[in-house]
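*Asks:* Keeping their order, the protein sequence lines are chains W and H.
Numbering-wise, the working numbering comes out as the position in the first sequence, counting from 1, plus 87.
Numbering-wise, the working numbering comes out as the position in the second sequence, counting from 1, plus 144.
Since the hints were derived computationally from the structure, they do not count as laboratory data.
Backbone N, C-alpha and C fix where the C-beta goes; we use that ideal spot for every residue, glycine too.
Hints are not guaranteed to be accurate.
Said to hold, decoys possible - Now the stretches of chain W that chain H is said to cover, found in silico as 3 or more residues with beta-carbon under 8 angstroms:
#1 96-103
#2 107-113
#3 187-193
Stated by the list, open to error - Listed below are the simulated DSSO-like cross-link pairs for lysine-lysine, each with C-alpha atoms no more than 27 angstroms apart in a straight line:
#4 H:LYS341 to W:LYS186
#5 W:LYS186 to H:LYS225
#6 H:LYS225 to W:LYS337
#7 H:LYS296 to W:LYS186
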Amino acid sequence: MIAQTNPLLKLRDLIWAWTIRTLRGRYQQSALGWLWAIVQPVATVAIFAVVFTRIVPVDTGGVPYILFSYAAVVPWTLLATSLPDMAMSLVQNMNLVGKIYFPREALPIAALLARIADFGISFILLAILVVIYGLPVSPLGLLFLPLIFLIQITLLLGLGIGSAALNVFYRDVDPLLKLIIQIWFYASPILYPVTLVPEKWQWLYFLNPMAGIIASYRDVLIYNRLPGDYLLPAALVSLFIFVLGYWFFKRVEFQFADII
Amino acid sequence: MPPVIRFIDVSKRYNLGLTRTSLPSVISQWAKQALRGGASSDRKYHWALRNVSFDLEKGESLALVGPNGAGKSTILKLLAKITNPTSGKVEVNGQLSALIELGAGFHPDLTGRENIYLNGTILGLSYKEVQKRFDEIVAFSEIEEFIDTPVKRYSSGMTVRLGFAVASCIEPDILLVDEVLAVGDASFRQKCIERIKTLLNNGTSLIFVSHDMGLVRSVCERAIYIEHGQVQNVGTSGEIIDIYNQVLDRRRIEKMSRADGAADDVEGGVEVTKIEALDANGNPVRETYGDQPLEIRVKYAAYKDIGKANAIVLIYRSDGLMCANMRSHLDGYPLHITKGEGEYSVRLEPLQLFGGTYYAITWIMNADDSDGLAYGASDWFEVRNRVPGREAHIAVYEPNRRWSQNAGVAVTETARQA
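Build out the structure end to end from the sequences listed, making use of the hints.
*Replies:* Set out below in structure tokens:
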């Protein structure tokens, strides 16, 4: 009979196996393989660099534009790629969800982890760029890096798990999500610095957790300073979204098999 | 000891409308209601189960028998916690494993090895637990040499074998088996049955769903007949199989009397309705002797004209050894199947099988022998040895024979060398 292993341990192993499966499926038959993880953010930055240094110059506060842009595009790419993946994770595995019981959250979580692997690769390139350009980086600021990352993951988990569950009921979630991500891109400080946002609207602006998260990444990575106050609302909003998304998921979880 | 499974007055309702609640359809719904000027409910419900109750004791094996859509799979889903009952209560005491979707979650690009870990963790094992059982799984699935080959290069038989090996290695308290043994070749099927019986002997309780009544009889003590989501009869598997066969016969007659469209229900246009082992007088055989004649008679129902076809009859020993492989066209006896019921038979005179437990299967093949149109398996029949005390299964062949001896002849030098 089965030894009573800790269920969390089993969940961890399941998530891990599913992550490997996702990564294998993505890169097995592709010539560039994991290099694709870098291609997308690098190509995006290349386009931005042409537009925003030559045509409409942006004030980056004395930092090379490529770094300014890449430091934002890397975390943004994580969001833009992982959210649709997570949203589709349950629906794409209908036969499994409908026939076998296992902790369903494993699927969206694994979808996120597989994108975090890409994030890791493009982040290494970011670190290399920072070193090449010889930007000063304070160790204290770097200590904040895991925290900023954790806040972003909390946000993505909440949104991703919630949309995965909602997508089971309404397939509109997928196109809607892509639309939201498109708009969200302009509402986040990727093309421009946060200083461009008028002072009196900043409180509203920073209700967008990605604004605080991206600004904080820039603070510690390229501006050699601690994250600004905006990290706090980002953390609170992210946590709220996480609780909401997870609560919704757990609430409707038992209906998945009936609908799918 | 409390029962391992208690189904107490369980009902399950599916809401057929829910999947299509799109905004345009909701708007048109409103429009319709407004025009009709009254509230009307177009919502359609389907009761998959109504007030179903049963218990399963530890170590017991129970078959769920009934036509498609009767609610058997819904019961399994409720047991596996995939879905919740609309009313009533489902109690499960113990670790449960479901042999429902073999190889569920296999990824074609991953190797057999990687898929074992993936599948094992989906089925509720930790990485370490899979590791412990790894060799056993590989040995059972018989794919040692291909273990590091991507699963997409496997034959469907290999995939199913691997799936069964992973799912059955869990050794659960309660095992759910849904129709999975219909796939795979006969010898592997036999191996799976032996595996299930071993689990039963070790105290696992079994819920078994199959349309193969021979399997039900050989695996399960008790059975429930379900139709329209309700329990119709409870009894020993023998009793329930008789009831089920009566229902099937009645259906078949109805279907035959309908138009040609009925042929669409049956893949291949023909189905094997019965396959029996008969003695010299045409009576069904449960026990016989190797020196007796045996006839394998197959009844079929064709829903369209098929024309030329070939019959295959195979005899298997209970451990999966194929003992006879008979093909009508190779013997110069092709079938000719026209719409309606018919039968064919092959007579073995005498049987010449050694003591043991056997069963026969048949395939109706298309004219060029490339595709199976219908399949059927008989119940077990027991062949006894004439001389008591001889162990069964130690040989296959019981030849017609005559001993002789010449006594008192001098042994010459040449004879000894030969």
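*Asks:* Each hint needs a verdict: does it hold in this structure or not?
*Replies:* The hints, checked one at a time:
Only when three residues or more bring their CB closer than 8 angstroms to a CB of chain H does the claim for the segment 96-103 of chain W stand; here the count is 5, and the claim holds. Coverage of the segment 107-113 of chain W by chain H holds [criterion: at least 3 residues with CB-CB distance below 8 angstroms; count 4]. Here's how the segment 187-193 of chain W fares: 3 of its residues keep a CB closer than 8 angstroms to some CB of chain H, so the rule of at least three is met and the hint holds. A threshold of 27 angstroms between alpha carbons decides the hint, and for LYS341 (chain H) with LYS186 (chain W) the separation of about 24 angstroms falls inside it, so the pair holds.
Using a Cα cut-off of 27 angstroms, the hinted pair LYS186 (chain W) and LYS225 (chain H) holds, with the two alpha carbons roughly 10 angstroms apart. Restraint check for LYS225 (chain H) and LYS337 (chain W): satisfied, since their Cα atoms lie roughly 14 angstroms apart, inside the 27 angstroms limit. A C-alpha spacing of about 22 angstroms is found between LYS296 (chain H) and LYS186 (chain W), which places the hinted pair at or below 27 angstroms, so the restraint holds.
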